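Listed in order, the protein sequences are those of chains A and B. All residue numbers for the first sequence refer to the numbering used here, where the first residue is 1 and numbers rise by one. All residue numbers for the second sequence refer to the numbering used here, where the first residue is 309 and numbers rise by one.
Hint data in this document are derived by calculation from the structure and do not stem from the laboratory. Among the clues, some could well be false.
Listed below are the simulated SDA-like cross-link pairs for lysine to any residue, each with C-alpha atoms no more than 20 Å apart in a straight line [said to hold, decoys possible]:
no.: 1; chain 1: A; residue 1: K61; chain 2: B; residue 2: Q359
no.: 2; chain 1: B; residue 1: K445; chain 2: A; residue 2: Q158
no.: 3; chain 1: B; residue 1: K355; chain 2: B; residue 2: A341
no.: 4; chain 1: B; residue 1: K355; chain 2: B; residue 2: E326
no.: 5; chain 1: A; residue 1: K61; chain 2: B; residue 2: P350
no.: 6; chain 1: B; residue 1: K445; chain 2: A; residue 2: E77
no.: 7; chain 1: A; residue 1: K61; chain 2: B; residue 2: K355
no.: 8; chain 1: A; residue 1: K123; chain 2: A; residue 2: M133
no.: 9; chain 1: A; residue 1: K61; chain 2: B; residue 2: K366
no.: 10; chain 1: A; residue 1: K61; chain 2: B; residue 2: Q455
no.: 11; chain 1: A; residue 1: K61; chain 2: B; residue 2: G446
no.: 12; chain 1: B; residue 1: K334; chain 2: A; residue 2: E65
no.: 13; chain 1: A; residue 1: K123; chain 2: B; residue 2: K334
no.: 14; chain 1: A; residue 1: K61; chain 2: B; residue 2: T351
no.: 15; chain 1: B; residue 1: K445; chain 2: A; residue 2: H68
no.: 16; chain 1: A; residue 1: K155; chain 2: B; residue 2: G446
no.: 17; chain 1: B; residue 1: K366; chain 2: A; residue 2: M105
no.: 18; chain 1: B; residue 1: K445; chain 2: A; residue 2: R156
no.: 19; chain 1: B; residue 1: K447; chain 2: A; residue 2: T58
no.: 20; chain 1: A; residue 1: K155; chain 2: B; residue 2: D442
no.: 21; chain 1: B; residue 1: K445; chain 2: A; residue 2: M133
no.: 22; chain 1: A; residue 1: K61; chain 2: B; residue 2: E326
no.: 23; chain 1: A; residue 1: K61; chain 2: B; residue 2: G318
no.: 24; chain 1: B; residue 1: K445; chain 2: A; residue 2: T58
Remember, it's a predicted structure, so these values are computed and weren't measured experimentally.
Here's the letter readout for the chains.
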Amino acid sequence: MADPAAADDDDTVLASFLESEILSAGLEQEDTSEVRPAKRVRSDEGSSREASQIGTGTFSKMPPELFHYIFKFLSSEDLITCALVCKYMSFAASDESLWRHLYCMRWGLGCSKGMLRQCAWKKLYIQRDQEDMNEFVRNTPSEFKEYYIQMQAAKRSQAPRPSQVDDRALDRTVAEQVSMWKKSRGLTDEAANGHICSGNTCSYSQIGDVFICERTGCVHVCVDNCREAVFDAVSGFMVCTISGQCFDRLLDPGDESETLQNDQDQQAAAAAEEPEPFWGSGRFARYYMLGYNCADEKELEDAWQFLP
Amino acid sequence: MAKMIKLVSGDGAEFEVEEEVAFQSKIIKDIVADADDVIPLPTVSSKVLIQVIEYCRKHAAVNSFPLSPSSSAAAAASSSSSISYSKPVSDPALRAWDNEFVKLNNSSLFDIVIAANYLDIEELVDLVLETVADRIKGKQAQEIRRQFNIENDFTPEEEEALRRENSWAFQNN
């Protein structure tokens, strides 16, 4: 690694490296939800890693908060590149809130809410990216390795979309947003009496996968094979009357047996009972579909463990 | 007759604009609420103010006359949900206009965003910052330095240490 001729420089290099370690440790302890250019005094004679404002070039007139906002649009790869440009950018691109956003965008909100402000997000991101990469390399057959490596690398260059840049949305779950929406309309969280929501009679407001009836606040979560979907003969799809989402009719026999089973289940159950969730209906259909989806006997055996 | 507001730039030039145009700026809206129709903007030069007013004029027109189906859908969408997910403009014609508007050099863009930030014109700030971000994306460090005239203030050793520290991003394992 080190050039023999540069052996004397090794100590300097080591020192810089340690300096950077200490610096990033320092950043972890702070709450860096806004960029506060460091006012720490560093007494080493080598140049300090922070600058209160970018000194040169066009950016010099840019206030720090706007700078930070620009970085919100960048992917992890771009942030790393920026960290190499100059000292100020290096500091700004290591801001934990940026990395938190990227982490959550790529892997979802792994931590509980309480930890949101305390993790060393940049380190976490790098670590997890490395783990993912190792995982892929270990588990893929060699002819696909290159492909998977490229796929992984591509994830690093995924930048937040403009609509995702707004941090306020990140901190709230969809449930909270739905609640807020309802409150803003004077609706409570309880279901309205006597109102039967249907795609044909009501208008809906959409938050993510959730559709809220604008009159009563009734909530419909549109996910695969949602209950409101009806078969549209023209297109051959199941179309949700509320969201308009189309679902493929995957297995004609499977669907039929599931519908049959559903009817039988519903007739068998008393009217007072709540409708069963997907897993509770059409036992035969579930086994059928599961078998259809499994590659071999072994997978089927394994999958059976999960069925009630 | 539309109410007119007078804006005075840093170098003393005066600009009369319709109220709805000026109100694209939240700051101005607040000031005018205190019954003050002449608004000095000492930190904004004429050149920048002209550009900002042009932007505001275009966006005020779109916001107040949602006649086209796409913009009225956008207006309806934003009014029915108090949680606005996205700030970007949904009307494609307006987006095209915006894209033309930001075809400026970096220095001018920065002047505009600083003024827009001062005047609290959210959409304009977003637009410019996103444009700047696009000019950074996918570039190497040296290219970024050249593009924005940034001096490399790392020593060679520091730079080497940084590269090693961040080599994970460029590893193909």
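Quick rundown of the hints versus the structure:
Restraint check for A/K61 and B/Q359: the C-alpha separation of about 18 Å stays at or below 20 Å, so the hint holds. For the hint pairing B/K445 with A/Q158, the CA-to-CA distance comes to about 10 Å; that is within 20 Å, so the pair holds. For the hint pairing B/K355 with B/A341, the CA-to-CA distance comes to about 26 Å; that exceeds 20 Å, so the pair is violated. As the CA atoms of B/K355 and B/E326 are separated by approximately 19 Å, the hinted pair is consistent with the 20 Å bound.
With a C-alpha separation of about 16 Å, the suggested pair A/K61 and B/P350 falls inside the 20 Å cut-off, and the hint holds. Pair hint B/K445 plus A/E77 holds up; C-alpha atoms about 9 Å apart against a cutoff of 20 Å. A distance of roughly 17 Å separates the Cα atoms of A/K61 and B/K355; the hinted pair therefore holds under the 20 Å criterion. For the suggested pair A/K123 and A/M133, the alpha carbons sit about 15 Å apart, so the restraint of at most 20 Å is met.
Taking the CA atoms of A/K61 and B/K366, the gap is near 27 Å; set against the 20 Å cutoff, the hint is violated. Taking the CA atoms of A/K61 and B/Q455, the gap is about 15 Å. The hint holds against a cut of 20 Å. Pair hint A/K61 plus B/G446 does not hold up; C-alpha atoms about 24 Å apart against a cutoff of 20 Å. For the given pair, B/K334 sits about 18 Å from A/E65 by alpha-carbon distance, which is consistent with the 20 Å threshold.
Taking the CA atoms of A/K123 and B/K334, the gap is about 39 Å. The hint is violated against a cut of 20 Å. Distance restraint check for A/K61 and B/T351: the Cα-Cα separation of roughly 12 Å lies within the 20 Å cut-off, and the hinted pair is therefore satisfied. Between the alpha carbons of B/K445 and A/H68 the distance comes to roughly 15 Å, so the proposed pair stays at or under 20 Å and holds. The suggested pairing of A/K155 with B/G446 holds, with an alpha-carbon distance near 13 Å, which does not exceed 20 Å.
Of the pairs offered as hints, the one joining B/K366 and A/M105 is violated, with about 34 Å between alpha carbons and a cut-off of 20 Å exceeded. Our distance criterion of 20 Å between C-alpha atoms is met by B/K445 and A/R156, whose separation comes to about 12 Å. Annotation: proposed proximity of B/K447 to A/T58 holds, straight-line Cα distance about 17 Å (limit 20 Å). At most 20 Å may separate the alpha-carbon atoms for a hinted pair to count; A/K155 and B/D442 meet this at roughly 18 Å.
A C-alpha spacing of about 23 Å is found between B/K445 and A/M133, which places the hinted pair above 20 Å, so the restraint is violated. For the given pair, A/K61 sits about 30 Å from B/E326 by alpha-carbon distance, which is inconsistent with the 20 Å threshold. Pair hint A/K61 plus B/G318 holds up; C-alpha atoms about 17 Å apart against a cutoff of 20 Å. Distance hint between B/K445 and A/T58 is fulfilled; the C-alpha atoms sit about 17 Å from each other, no more than 20 Å.
The structure fails to meet hints 3, 9, 11, 13, 17, 21 and 22 from the earlier list, while all remaining hints are met.
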